[in-house]
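One letter stands for each residue in the lines below.
Number of protein chains: 2
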Amino acid sequence: MKIIVDVMGCDHPEKLVRGTVDAAKLHPDYTMVLVGDSDLIKANLGGGASNIEIEHAPDVITNDDVPTQAIRQKTQSSLVRSFSILTGSDDAIGLVSGGSTGAVLTGATLIVKRLSGVKRPTLASFLPTVDGKLVCVADCGANVDSLPEYIAQFALMANVYVKAVRGIESPRIGLLSVGPEEKKGDERTRAAHALLKELPINFVGNLEARYAISGDYDVVVSDGFSGNILVKSTEGTAKMVMKLLKSALTSSLSSKIGALLMKKSLKSLKKKMDYHAYGGAPFLGVKKLVIKTHGSSNEVSTAASINNIILMHERNIISEIETGLAAFNGATEQQ
Amino acid sequence: MKIIVDVMGCDHPEKLVRGTVDAAKLHPDYTMVLVGDSDLIKANLGGGASNIEIEHAPDVITNDDVPTQAIRQKTQSSLVRSFSILTGSDDAIGLVSGGSTGAVLTGATLIVKRLSGVKRPTLASFLPTVDGKLVCVADCGANVDSLPEYIAQFALMANVYVKAVRGIESPRIGLLSVGPEEKKGDERTRAAHALLKELPINFVGNLEARYAISGDYDVVVSDGFSGNILVKSTEGTAKMVMKLLKSALTSSLSSKIGALLMKKSLKSLKKKMDYHAYGGAPFLGVKKLVIKTHGSSNEVSTAASINNIILMHERNIISEIETGLAAFNGATEQQ
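Residue numbers (this note's numbering), protein chains in the order written: chain A, 10 to 344; chain U, 10 to 344.
Be careful, since some hints might not be right.
Copies of one chain are not kept apart here, so a pair can be met inside one copy or by any two copies together.
[As the list claims (entries may be wrong)] Distance condition first, Cα-Cα at most 30 Å in a straight line; then the derived DSS-like pairs of lysine-lysine:
id	residue 1	residue 2
1	LYS193	LYS83
2	LYS192	LYS122
3	LYS192	LYS83
4	LYS192	LYS128
5	LYS172	LYS34
6	LYS128	LYS172
7	LYS11	LYS34
8	LYS296	LYS252
9	LYS128	LYS206
10	LYS172	LYS252
11	LYS193	LYS296
12	LYS276	LYS265
Calculated directly from the structure, the hints in this document are not laboratory data.
Pulled out of the complex, with its shape left as it was, chain A reads as follows (with noise of 0.2 Å):
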């Protein structure tokens, strides 16, 4: 089994890189393909790993490229040749990268293409809860001008997705809205609750953006558009308080000696907000694993982002969420 991971178009190759050596070292039933310059992820293998393959593709796809154009004309890129190889062979299970996300989705749509039944795949992300665990965004942005039914669809998606990863059993299902109850919302997210309450999922009501990150949700559905609010103000506002704490710190001679003697416990507070490790962000609904991490991304989450397609894989979730949906399908037809 192959995992490809696409090392450029992200801010630092050379860790994803050195992630992917960790990772393959940890799974040697599988074989990692290292896409990008050859000569880059070369200098960077250290020791390397026997299940290491190395695809050389000189091209890189930026931000600045229009996605469905780059995706159609960069064919030498290092993303448009690991999405080959991933539809190339069905030893080929996921792909793991760190470049642009409009081409990465782009990509995903395009070449690897959506399971039968799924009317939008969306990407899933985890932010930090107040509790040390995660909390599941889906979609977080890779839809806008959700229909109530593609909102039902995420919460199905990503219910097999938190099951598979997070080993939850039942994840408690929140539905993003301006207020707790069922009446609460606009148009698009009544009818989405109306939608979600039938599902065969632990469905727990609609949930305000506060408590988003409280340790009460596993999974929080929205729209696309709001949770893209959602998840970038959560972890814009984590951040800037960070950077206040930071300033406040060392604002005079008596903090610095303070932050000095709570060094240990403002270490753990840093890791218990850092995403790295948790990995990327998962695309799901195509017919092949996909991650989308960070562009800052370091060893340790590309590792994650990899041991996740594993253990996605091992849980047999594409053909998971072909099930739910088939049923989800069916039920809505009938009606």
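Position chain U against the provided structure of chain A, taking the given hints into account.
Below, chain U alone, put in the same frame as chain A:
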């Protein structure tokens, strides 16, 4: 000139009374009318002030009441009495309430009524920014399913408001979306972008939620649903990070000593993120000034809200909003 303060229906009516007394002393030209349980009010007047009147209203509208029903039926409630006094004379210029948001907005719409030309009034809330200033989010949750022209009106009204209360000549106004580019966002946001570009305001384009509190914007306009998610996730995340920080600070003896040494710096950090200092959220677009303060408001936020009513009154923001909207409505009707 009278300013009415509904002290009931919030967590600490006594703090609203004391905050009003503070404001009354600062503004001897205005009369403050305290509405609520007269025994409770009298017990908290302290030395009082000569420019304070008390209106006994024994009944309370709570968050459990259905707003429309409560406004129509609970005629002896402090909130409905407050609205009656507000609309009863030209002398009464504004109202501050810490009661049920739904009831305050419903009362403002049904009793005070919209200004001519206003499609939807907007609730405009301040968030503290990382550089120690403020950003106004409009709409922050009074509306859902907003049309693009509502969003354009929110921008015009927030522009007038921020000029008045913050003294900024040309507020930088951003449109909440999922990416900075003009074409990013859902259908509604793209249409709103096109309208905002044509307005006589300092529209600086789309913004991502992660930069809302960066200090780069004075106003963030949104449809109301996503604005609510922005405000609540920002407040929720800041609160949770502070909670994590607090538990980190007391996790070991050396941390505790460190925290003591940093007490002053941490206090200034907490103050930076304190929403009390800048008062409540005005409901812009109705015929009189209405401010909804937080249910947990204290003396400081009550006095700040009253102060903002006076600022808005002295800057004639109601007639400014009318003029601005008339120009906009004239322009869109010509198209």
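Hint check results:
1. LYS193 / LYS83: between (46 Å within a copy, 23 Å between copies)
2. LYS192 / LYS122: Only across copies: LYS192 and LYS122 sit 25 Å apart there, 36 Å inside one copy, limit 30 Å.
3. LYS192 / LYS83: The answer is between: 23 Å across copies meets 30 Å, while 48 Å in one copy does not.
4. LYS192 / LYS128: Classified as both; 25 Å inside a copy, 23 Å across copies.
5. LYS172 / LYS34: Classified as within: same-chain Cα gap 26 Å, cross-chain 61 Å, threshold 30 Å.
6. LYS128 / LYS172: This pair counts as within: shortest intra-copy Cα distance 22 Å, inter-copy 46 Å.
7. LYS11 / LYS34: within (14 Å within a copy, 75 Å between copies)
8. LYS296 / LYS252: neither (41 Å within a copy, 42 Å between copies)
9. LYS128 / LYS206: within (19 Å within a copy, 34 Å between copies)
10. LYS172 / LYS252: between (34 Å within a copy, 29 Å between copies)
11. LYS193 / LYS296: For LYS193 and LYS296, the Cα distance is within 30 Å only across copies (27 Å; inside one copy 35 Å).
12. LYS276 / LYS265: Classified as both; 15 Å inside a copy, 15 Å across copies.
Of the numbered hints given earlier, the model fails hint 8 alone.
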